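Visitor: So you can see what is in the structure, the chains are spelled out below.
Number of protein chains: 2
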Amino acid sequence: MDLSIGEVARRSGLSVHTLRFYEREGLFANPVRRLSNGRRIYHEEDLEWLAICTKLRSSGMSLATIRQYIELARQGPGNEQERLQLLRRHEDHVEARIRELRETLEVMRHKVRVYADHVARGEADRLWNPSHSDAARADTHQKCDPPGHA
Amino acid sequence: MDLSIGEVARRSGLSVHTLRFYEREGLFANPVRRLSNGRRIYHEEDLEWLAICTKLRSSGMSLATIRQYIELARQGPGNEQERLQLLRRHEDHVEARIRELRETLEVMRHKVRVYADHVARGEADRLWNPSHSDAARADTHQKCDPPGHA
DNA sequence: TGTTGATCTAGACCCGACTCTAGGTTCTAG
DNA sequence: CTAGAACCTAGAGTCGGGTCTAGATCAACA
Chain A
1 MDLSIGEVAR RSGLSVHTLR FYEREGLFAN PVRRLSNGRR IYHEEDLEWL
51 AICTKLRSSG MSLATIRQYI ELARQGPGNE QERLQLLRRH EDHVEARIRE
101 LRETLEVMRH KVRVYADHVA RGEADRLWNP SHSDAARADT HQKCDPPGHA
Chain B
1001 MDLSIGEVAR RSGLSVHTLR FYEREGLFAN PVRRLSNGRR IYHEEDLEWL
1051 AICTKLRSSG MSLATIRQYI ELARQGPGNE QERLQLLRRH EDHVEARIRE
1101 LRETLEVMRH KVRVYADHVA RGEADRLWNP SHSDAARADT HQKCDPPGHA
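Just so you know, the sequences run in chain order A and B.
Heads up: the first sequence runs through residues 1 to 150, numbered per this note's numbering.
Heads up: the second sequence runs through residues 1001 to 1150, numbered per this note's numbering.
Be aware that one or more of the hints could be misleading.
[What the hints assert, rightly or not] Covered stretches of chain A (in silico footprint by chain B; criterion: 3 or more residues with CB under 8 Å from a CB of chain B, positions within the stretch not fixed): (1) 6 to 14; (2) 46 to 59; (3) 76 to 88; (4) 110 to 122.
Note that these hints are calculated values from the structure, not bench results.
Model, not experiment: these values are computed from the prediction.
Quick reminder that beta carbons are idealized off the backbone N, C-alpha and C, glycines included.
Whole structure, please, built from the sequences with the hints as guidance.
Guide: In structure tokens, the structure reads:
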């Protein structure tokens, strides 16, 4: 049940380069073992961890933080609170990020709606070609264009 | 009502370095004007745009995309649909990102709950020190630890 | 007048996270 | 026996997004 790096790459979606890179960076819980010929051998557990790892990455956890986490895990029992703390801190970050994105999204949706409206009614000229002198006027129409001052 | 770069930095929260960098990158709708002595002069409109710009950035829009957008705006009226399209594409990205984050968050919350439970009941030993040979056993407890195989 | 502080330009540097190259070994199939 | 695929290491390169430095100019004040 040993897996080659190529196999793991295929199944994890990461490149072999990245797998070696992650190893150098200490992102595997256990030092990756080698065959006598020097080739790496992985196991199902590594794939499971890589899946989690990838999820953490894609939710914005840095490699440094992931490393911290697996270092705690490597130290064995006794630091459960720290591990939980680390995960909860990340939860908080993710939540904050979601709030931030939602807020931006709302603003954007509003602007797009107003714009689309104007465009549809063919009244967009003033809006879409703001100049220094009529910026204030355009403003009252909720423009979100980069203001011009030519 | 002219603003110096320092003033704009103060009010936008960006550094003077970044303002100059953004200018080089073509992220201002209008070429930033200079005083006869070469110093940049900004206006309120620039601050407004920088605020929007910052929001777009913080929602993950790349500088390249922002540049595309202001290039459309610079071309003047006639490409409203393209601008709307660009904004809507970004909306889609942001939505997708929110979904992704929410999903991760759910998974994390679940794992944290299960962990905290185990820790609270003092049963975490097996869970928190998984070894190759008992990984399967630990697995039945929904571990999210990096699996060990020592 | 001279120092302090803000600005200018061009270009180097940094960081995170990969990604790839060069040059060498090893496995596998024909 | 040999070609080609897969692997190895060390280290260089890339990309996005800044960040900073050096050396010069300029304004304002005691």
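Visitor: State for each hint whether it applies.
Guide: Now the hints, each set against the structure:
Coverage of the region 6 to 14 of chain A by chain B is violated [criterion: at least 3 residues with CB-CB distance below 8 Å; count 0]. Restraint check on the region 46 to 59 of chain A versus chain B: 9 residues with Cβ-Cβ distances below 8 Å, three needed, restraint holds. Using a Cβ-Cβ cut-off of 8 Å, 8 residues of the region 76 to 88 of chain A lie near chain B, which meets the minimum of three, so the contact claim holds. Residues of the region 110 to 122 of chain A with a Cβ under 8 Å from some Cβ of chain B number 5, which satisfies the need for three, so the listed coverage holds.
Comparing the model with each earlier hint shows a violation of hint 1 alone; every other hint is respected.
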